[in-house]
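Chemist: Residue numbers (the numbering used here), protein chains in the order written: chain A, 6 to 423; chain B, 11 to 99.
Keep in mind the hints are simulated off the structure, nothing from the lab. As the structure is a computational prediction, the values presented were derived from the model and not from experiment. Careful, some of the hints might be misleading.
Short derived list, chain B residues pointing at chain A, Cβ under 10 Å [as the list claims (entries may be wrong)]:
hint: 1; residue: 15
hint: 2; residue: 16
hint: 3; residue: 25
hint: 4; residue: 31
hint: 5; residue: 32
hint: 6; residue: 53
hint: 7; residue: 67
hint: 8; residue: 68
hint: 9; residue: 69
hint: 10; residue: 70
hint: 11; residue: 71
hint: 12; residue: 81
hint: 13; residue: 82
Straight-line C-alpha distance at most 35 Å; calculated DSBU-like pairs for lysine-lysine [unchecked claim]:
hint: 14; chain 1: A; residue 1: 234; chain 2: B; residue 2: 62
hint: 15; chain 1: A; residue 1: 160; chain 2: A; residue 2: 237
hint: 16; chain 1: B; residue 1: 36; chain 2: A; residue 2: 252
hint: 17; chain 1: A; residue 1: 30; chain 2: A; residue 2: 273
hint: 18; chain 1: B; residue 1: 15; chain 2: A; residue 2: 357
hint: 19; chain 1: A; residue 1: 357; chain 2: B; residue 2: 62
hint: 20; chain 1: A; residue 1: 336; chain 2: B; residue 2: 36
hint: 21; chain 1: A; residue 1: 234; chain 2: B; residue 2: 57
hint: 22; chain 1: A; residue 1: 237; chain 2: B; residue 2: 57
hint: 23; chain 1: A; residue 1: 357; chain 2: A; residue 2: 419
hint: 24; chain 1: B; residue 1: 62; chain 2: A; residue 2: 237
hint: 25; chain 1: B; residue 1: 15; chain 2: A; residue 2: 419
hint: 26; chain 1: A; residue 1: 35; chain 2: A; residue 2: 234
hint: 27; chain 1: B; residue 1: 36; chain 2: A; residue 2: 357
hint: 28; chain 1: B; residue 1: 62; chain 2: B; residue 2: 93
hint: 29; chain 1: B; residue 1: 25; chain 2: A; residue 2: 414
hint: 30; chain 1: A; residue 1: 236; chain 2: B; residue 2: 15
hint: 31; chain 1: A; residue 1: 252; chain 2: B; residue 2: 15
hint: 32; chain 1: B; residue 1: 93; chain 2: A; residue 2: 70
hint: 33; chain 1: B; residue 1: 57; chain 2: A; residue 2: 151
hint: 34; chain 1: A; residue 1: 294; chain 2: A; residue 2: 70
hint: 35; chain 1: B; residue 1: 93; chain 2: A; residue 2: 252
hint: 36; chain 1: B; residue 1: 62; chain 2: A; residue 2: 252
hint: 37; chain 1: A; residue 1: 357; chain 2: A; residue 2: 336
hint: 38; chain 1: B; residue 1: 62; chain 2: A; residue 2: 224
hint: 39; chain 1: B; residue 1: 25; chain 2: A; residue 2: 357
hint: 40; chain 1: B; residue 1: 15; chain 2: A; residue 2: 336
Quick reminder that beta carbons are idealized off the backbone N, C-alpha and C, glycines included.
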Amino acid sequence: MQKYSVFSLIKNAFSNHQNWEVAWKDPTPKSEYDVVIIGGGGHGLATAYYLAKEHNIRNVAIIEKGWIGGGNVGRNTTIIRSNFMYDANARFNEFGMDLWRNLSQELNFNVMFSPRGIINLAHSDAQMNAYARRGNSMRLNGIDAKLLDRDEVKKLIPMADFSDEVRFPIFGGLMQPSAGTARHDAVAWGYARQADDMGVDIIQHCEVTGFDVVNGKIKGIRTSRGDIKAKKVGLCVAGSTNILAEKLNMTLPIETHVLQACVSEPVKPLLDGVVTFGAGHFYISQSDKGEMVMGGDLDGYNSYAQRGNLPTIQHVLTGGLALFPFLSRLKMLRTWGGIMDMSMDGSPIIDKTHIEGLYLNCGWCYGGFKSTPVSGWTFAHTIAQDQVHELNSELRLNRFSTGHLLDEKGLGTKTWIG
Amino acid sequence: MLYIKCPYCGLRAQKEFSYGGDATVKRPNINEEVSTEDWDNFVYMRKSPRGKHVELWQHIAGCRQWIKVQRDTATHEIFQTAKVTEEIR
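Given the sequences, and given the hints that come with them, work out the whole structure.
Modeler: Listed below in structure tokens is the structure:
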């Protein structure tokens, strides 16, 4: 494979960039694979990459209904963080942070990981206490956390509304300085290119229509491009999890909801890291192009439409204006939606299933992007070794019936309440 | 914007309503032995179909009644609404 570097860039400039190798091939599906991964998003591509790299399993296919990176990995707001309170989530995502830090070098693809910090704002004494507790939990798990008072927040985001008239004054905030953002598309493409180079077949525009299960064991899948035999099958399909589960006669603790995000026109750099509003549904960061990238909460009803409705955008931006009044002068560039596999406790599931050879990776809610590397890493381990890794040992499917929930936000089973 | 026809008040904007989830989930009978699996199914397991979905909404900024709505989860089209005691078929 051609290595991407400044020298290859210069070399290809002489031929008007007409002679670059294709980054990944477009193979016809073979009749049989050792492992088939359904879903060519970030998690599926990362899983295939780590299967090949860490476990030397290279007879692998990724089956994607649309095109790779066209789902949530291309629709998220690119935030990477590990500011979790529960040990299982904190350890899992902090391991992921280590993978992020070296990802551009490892993939020979600039994923533009930029650890500029995330600030969760607090607007009451009670919220400050809760953040102090969460910060302490994070530090006990070796994650950097800093409790900021009002003046420290003001130094970092002076453009926020610090006047006396505001309904929700800023009391302070919790900061994870090592959190940040990355270029989401590059993550998908980087993993795809390396996986393809190691022999993984990336099969796009191929929809899974059914499964061959004999005596409780997976034998293969049926697709719009023919039947494919497989010893093992992994599901990484986020918002389509319930659809495929139905074909397997499985019911899961997952509901599918639509989440919207939006970007403004590009402006000069003014916001360094990520800021979340603690008194409403709103968070914001600024992209490298200068656009203000904003999001908030789910539209609030079951949906498979990759688009939402205006009232939610209006609700989110009302919160945005309360925090950053300057936003009122910006034009909105675009809004879009993605469909979220909302688990009943807000934490993901990476596990084996009752069907031998079928593995499940789902329930990412609205936070799947940050876990892309660690999700792929642990899912590849779970598939290759046929057992969960220590890191995903608490992200089991049976935790709902045993009561070992990871309810980080403590919201109960109303998945649409943010 | 969704427009939902409240069976008590007529057609109103989505902003007046609050969502209540899948209306087909049945709570296990009281005063009977309930297995862990039945509780699990009632509390956590959801079909979340793509297509027609019967769901609960509350007309929270109106008559405050709970209602049933049959809606397409792929297109957001609303086919039918009914009082919570009525059946949607």
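Chemist: The structure should be examined with respect to each hint, and the outcome stated for every one.
Modeler: Results for each hint:
Interface hint status for residue 15 (chain B): violated, as the beta-carbon distance to the closest one in chain A is roughly 16 Å, over 10 Å. Taken as an interface hint, residue 16 (chain B) does not check out: its beta carbon lies about 16 Å from the nearest beta carbon of chain A, beyond 10 Å. Because the closest C-beta pair between residue 25 (chain B) and chain A is about 5 Å apart, less than 10 Å, the hint holds. The interface hint given for residue 31 (chain B) is met, as the beta carbon of that residue sits about 7 Å from the closest beta carbon of chain A, less than 10 Å.
Proximity of residue 32 (chain B) to chain A holds as hinted, the smallest CB-CB distance being about 7 Å (cut-off 10 Å). The beta carbon of residue 53 (chain B) comes within 6 Å of a beta carbon in chain A, closer than 10 Å, and the hint placing it at the interface holds. For residue 67 (chain B), the interface hint holds, the least distance from its beta-carbon to any beta-carbon of chain A being 8 Å, beneath 10 Å. At a threshold of 10 Å, the smallest CB-CB gap from residue 68 (chain B) to chain A is about 12 Å, leaving the interface hint violated.
Interface hint status for residue 69 (chain B): violated, as the beta-carbon distance to the closest one in chain A is roughly 14 Å, over 10 Å. Given the 10 Å rule on beta carbons, the hint for residue 70 (chain B) is violated: about 12 Å separates it from the nearest Cβ of chain A. At about 12 Å, the closest approach between the beta carbon of residue 71 (chain B) and any beta carbon in chain A exceeds 10 Å, and the interface hint on this residue is violated. The beta carbon of residue 81 (chain B) comes within 8 Å of a beta carbon in chain A, closer than 10 Å, and the hint placing it at the interface holds.
Look at residue 82 (chain B): its Cβ gets to within about 9 Å of chain A, closer than 10 Å, so that hint holds up. With a CA separation close to 33 Å, the supplied pair residue 234 (chain A) and residue 62 (chain B) stays within the 35 Å bound. Using a Cα cut-off of 35 Å, the hinted pair residue 160 (chain A) and residue 237 (chain A) is violated, with the two alpha carbons roughly 53 Å apart. For the suggested pair residue 36 (chain B) and residue 252 (chain A), the alpha carbons sit about 23 Å apart, so the restraint of at most 35 Å is met.
Simply put, residue 30 (chain A) and residue 273 (chain A) have alpha-carbon atoms about 39 Å apart, too far for the 35 Å limit, and the pair is violated. For the hint pairing residue 15 (chain B) with residue 357 (chain A), the CA-to-CA distance comes to about 44 Å; that exceeds 35 Å, so the pair is violated. Distance restraint check for residue 357 (chain A) and residue 62 (chain B): the Cα-Cα separation of roughly 30 Å lies within the 35 Å cut-off, and the hinted pair is therefore satisfied. With a C-alpha separation of about 47 Å, the suggested pairing of residue 336 (chain A) with residue 36 (chain B) is violated against the 35 Å cut-off.
Of the supplied pair hints, the one linking residue 234 (chain A) and residue 57 (chain B) holds, its CA atoms being roughly 27 Å apart against a limit of 35 Å. Distance hint between residue 237 (chain A) and residue 57 (chain B) is fulfilled; the C-alpha atoms sit about 25 Å from each other, no more than 35 Å. Pair hint residue 357 (chain A) plus residue 419 (chain A) holds up; C-alpha atoms about 26 Å apart against a cutoff of 35 Å. Pair hint residue 62 (chain B) plus residue 237 (chain A) holds up; C-alpha atoms about 32 Å apart against a cutoff of 35 Å.
A hinted pair counts as satisfied when its Cα atoms are at most 35 Å apart, and residue 15 (chain B) with residue 419 (chain A) qualifies at roughly 23 Å. Taking the CA atoms of residue 35 (chain A) and residue 234 (chain A), the gap is about 9 Å. The hint holds against a cut of 35 Å. Pair hint residue 36 (chain B) plus residue 357 (chain A) holds up; C-alpha atoms about 28 Å apart against a cutoff of 35 Å. At roughly 18 Å between alpha-carbon atoms, residue 62 (chain B) and residue 93 (chain B) fall within 35 Å of each other, so this suggested pair holds.
Annotation: proposed proximity of residue 25 (chain B) to residue 414 (chain A) holds, straight-line Cα distance about 25 Å (limit 35 Å). For the proposed pair residue 236 (chain A) and residue 15 (chain B), the alpha carbon gap of about 50 Å is over 35 Å, so the pair is violated. Straight-line distance between C-alpha atoms of residue 252 (chain A) and residue 15 (chain B) comes to about 33 Å, which keeps the hinted pair within the 35 Å bound. Of the pairs offered as hints, the one joining residue 93 (chain B) and residue 70 (chain A) is violated, with about 39 Å between alpha carbons and a cut-off of 35 Å exceeded.
As the CA atoms of residue 57 (chain B) and residue 151 (chain A) are separated by approximately 41 Å, the hinted pair breaks the 35 Å bound. Under the criterion of a C-alpha separation no larger than 35 Å, the hint pairing residue 294 (chain A) with residue 70 (chain A) is consistent with the structure, at around 30 Å. For the hint linking residue 93 (chain B) to residue 252 (chain A), the alpha-carbon distance of about 32 Å falls within 35 Å, and the restraint holds. Simply put, residue 62 (chain B) and residue 252 (chain A) have alpha-carbon atoms about 17 Å apart, close enough for the 35 Å limit, and the pair holds.
Our distance criterion of 35 Å between C-alpha atoms is broken by residue 357 (chain A) and residue 336 (chain A), whose separation comes to about 47 Å. Proximity of residue 62 (chain B) to residue 224 (chain A) is assessed by CA-CA distance (about 31 Å); at most 35 Å being required, the pair is judged to hold. Only pairs whose Cα atoms come within 35 Å are accepted, and residue 25 (chain B) paired with residue 357 (chain A) is rejected, the gap being roughly 41 Å. A hinted pair counts as satisfied when its Cα atoms are at most 35 Å apart, and residue 15 (chain B) with residue 336 (chain A) qualifies at roughly 34 Å.
Hints 1, 2, 8, 9, 10, 11, 15, 17, 18, 20, 30, 32, 33, 37 and 39 from the list above are not met by this structure, while the remaining hints are.
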